[in-house]
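Number of protein chains: 2
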Amino acid sequence: MSRVYNFSAGPAMLPEPVLQQAQAELPAWQSSGMSVMEMSHRGKEFIAIAEQAEADLRELLAIPTNYKVLFLQGGASLQFAMVPLNLLRGGNEADYLNTGLWSKKAVAEAKKYCQVHLAINAEPNNFTTLPAYDSSKLNPYAAYVHYTPNETINGLEFHTIPDVGDKPLVADMSSTILSRPLDVSKYGLIYAGAQKNIGPAGLTIVIVREDLTDNAMPGTPTMLMYKTHLDNQSMYNTPPTYAWYIAGLVFKWLKDQGGLAAMGERNQRKAAMLYAAIDQSEFYGNPVALPYRSWMNVPFTIKNPDLEKTFLAEAKTAGLVSLAGHRSVGGMRASIYNAMPEAGVQALIEFMNDFAKRNG
Amino acid sequence: MSRVYNFSAGPAMLPEPVLQQAQAELPAWQSSGMSVMEMSHRGKEFIAIAEQAEADLRELLAIPTNYKVLFLQGGASLQFAMVPLNLLRGGNEADYLNTGLWSKKAVAEAKKYCQVHLAINAEPNNFTTLPAYDSSKLNPYAAYVHYTPNETINGLEFHTIPDVGDKPLVADMSSTILSRPLDVSKYGLIYAGAQKNIGPAGLTIVIVREDLTDNAMPGTPTMLMYKTHLDNQSMYNTPPTYAWYIAGLVFKWLKDQGGLAAMGERNQRKAAMLYAAIDQSEFYGNPVALPYRSWMNVPFTIKNPDLEKTFLAEAKTAGLVSLAGHRSVGGMRASIYNAMPEAGVQALIEFMNDFAKRNG
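Chains A and B, in that order, are what the protein sequence lines are.
If you read the first sequence in my numbering, its first letter stands for residue 1, the second for the next number, and so on.
If you read the second sequence in my numbering, its first letter stands for residue 361, the second for the next number, and so on.
There could be a bad hint or two in this list.
[Claimed, not checked] Below, in silico cross-link-like pairs of lysine to any residue (SDA-like), each with a Cα-Cα straight-line distance of 20 Å or less:
no., chain 1, residue 1, chain 2, residue 2
1, A, Lys252, A, Ala339
2, B, Lys546, B, Pro522
3, A, Lys111, B, Lys464
4, B, Lys465, A, Asp231
5, A, Lys112, B, Lys464
6, B, Lys471, B, Ala492
7, A, Lys316, B, Lys546
8, B, Lys464, A, Thr228
9, B, Lys404, A, Lys111
[Stated by the list, open to error] Residues of chain B placed beyond 12 Å of chain A at every Cβ, according to the derived structure:
no., residue
10, Gly370
11, Ser391
12, Glu398
13, Leu432
14, Lys465
15, Asp523
16, Lys676
17, Gly691
18, Met692
19, Phe715
20, Ala716
Treat the hints as calculated values from the structure; they're not laboratory data.
Bear in mind the structure is a predicted one, so any value in this text is a computation, not a measurement.
The C-beta atom is built at its ideal place from N, Cα and C for all residues, glycine as well.
Bound conformation, chain A alone (with noise of 0.2 Å):
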């Protein structure tokens, strides 16, 4: 097989001795006999993956006992719908730190439900960069706050954990989860759609602390209530258990890799190399401010921007595909989760220096 540089948003790249080992154990796992795709997801076989998958996460964010981790379905669009329902808790207003498209879209949803506060709101600024911010800004009344820590869109991340006194800090992580290690007990909520650095689209991960499940709305559906899932261990009904395995295939080849700590000092590495890349160059730009550049989602755009075509046409041809940016901002963007190798992010730069160099 002839594998490309993915830089695909979502769904990403997997690690290669990931695909390798979902690939040899595809028809029959172990001695079961049978494709993990058709395992009864209450018979022992699929619960020993469940189960190592969980304790492998666990031990990969620290995650203290007080907190459940729930593999759930829905993506961060339903979470978005989730959270109110289930953390207002009798309240009536949520403070939301609208940072990119996607606490726009958290945003939306939650004033279904309740009286949205904008404790910080990056709009005006075309989400550039993070207005300051400090917890006298929040509003006493906010059952919750919940942000975004790194926006896959706009390429903007907090590189610092919100101080929010004693309200349940809420986090979309869908694009940053696992790139770096985490203090899991300085949040109520954290979610993460897995198709960027868990596993295959379908699967959501929900890490919450567990005195805050127990208030939903009245009328909120059965399947969105999270004790639902915390009662039943995850299988009151039958769970993507496919994905939940490549998910666990994943934590163990982080663990591999020596954990969350070296995979930030590589995500770091990546990162940095690529912006000065982008910086060092007048050929080409990336507007967010320095402090609040991501690490994950790196948007790029070229000074003329009648090249852009050209300029994806031909990375594609050398193997490096999905470069174009989300629809909703155009240029490009490179997405380097945890399955980029650092060859890949060093192959993209010198296609760009080369590209920069025969069209400056």
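Following the hints, complete the assembly by docking chain B onto the known chain A.
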């Protein structure tokens, strides 16, 4: 690899040619240089896979053009809420046919959103037969009529479509879809979790008459509105791409088998063989009334229940696995979906006869 005959009710067996193709293509699909799991759902490769899957499903079921096909997440359990949230359309009453444990769950969820009238109720008969029914028993104020054509746990099946006049008929077809030809035009909405007759867990297929989707209840989460997915070709957010791809391989396999007419004949033969073996023995029993026995899920008991554990253990040793009945009803159950070959059913019957001889 040594494969077993897997009688799991779901996730369930997949056709071997599907697993073989999935294995071959796992690290790199065609000339794309990437796994299907790694593809952007908005890239041209995945769009081609997705569109082909839908086209093949439409062909198999002869789906009329005024019906839309949605590829969703959350399983039948999420549909239990989505159906009333979307189809009450300003009304507050719905009719349900209560014919087994899955119907009961659908009823319980619907009661969160409306008054439920049980047009028939098989619970007094312990879900072993279908009470007589005619459309005069329907509530004239019902916004729709919901039923479960095949009860996976109880092994009870409708072999004709209930007459509901001009009311939208809604069906949970999780364990019967694609098992035989179907007249989709008789329905308002059909839904099915994939993990029995379609593909891997984590995908839910909805076939809906498009005029029914425009009036969700206020406060319905965006992700729970059919219209959201209909307006975005099931790509409002990232769909379960790999499960969608595997489902497409299953649809192609079904076409190669001769389509649903051929599958229906094969499934009827498989079920008839197994019921004959049960009925002809003094050793085994099945409680379901003859006209309503399921072609897909065959529960059976041993007249001496002390032998059940030995039966299950010896069957497993013989390569016949996942034969335990649902934990709510006990006994045994053989799920014999499309992917279970006739040879698998024959092997089970031979084992059953031999076990009866040795223990009778």
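Verify the proposed pairing of lysine 111(A) with lysine 464(B), using a straight-line Cα cut of 20 Å. At roughly 33 Å apart (the allowed maximum being 20 Å), lysine 464(B) and lysine 111(A) break the hint.
Would methionine 692(B) pass as off the interface with chain A, using Cβ distances and a cut of 12 Å? Methionine 692(B) clear of chain A: closest Cβ-Cβ about 14 Å, beyond 12 Å.
Between lysine 112(A) and lysine 464(B), is the straight-line Cα distance small enough, at 20 Å or below? 30 Å, violated
Decide, holds or violated, for the assertion that all CB atoms of chain A are farther than 12 Å from the CB of glutamate 398(B). Incorrect as stated: the minimum Cβ-Cβ distance to chain A is 5 Å, not above 12 Å.
Could you check that no beta carbon of chain A comes within 12 Å of the beta carbon of lysine 465(B)? 9 Å, violated
Status of glycine 370(B), Cβ more than 12 Å from any chain A Cβ: 6 Å, violated
Assess, step by step, whether the Cα of lysine 316(A) is no farther than 20 Å from the Cα of lysine 546(B), and give holds or violated. 48 Å, violated
For the pair supplied as a hint, lysine 465(B) and aspartate 231(A), confirm whether the alpha-carbon distance does not exceed 20 Å. 17 Å, holds
Given the hint that lysine 404(B) pairs with lysine 111(A), test it: the Cα-Cα distance must not exceed 20 Å. Given that 20 Å is the threshold and the Cα spacing comes to 35 Å, the pair is violated.
Taken at face value, is the distance from the CA of alanine 339(A) to the CA of lysine 252(A) at most 20 Å? Holds, at roughly 13 Å.
Would leucine 432(B) pass as off the interface with chain A, using Cβ distances and a cut of 12 Å? 9 Å, violated
Please settle this one: glycine 691(B) was flagged as non-interface, so is its CB more than 12 Å from every CB on chain A? 16 Å, holds
Checked against the numbered hints above, the structure breaks hints 3, 5, 6, 7, 9, 10, 11, 12, 13, 14, 16 and satisfies the rest.
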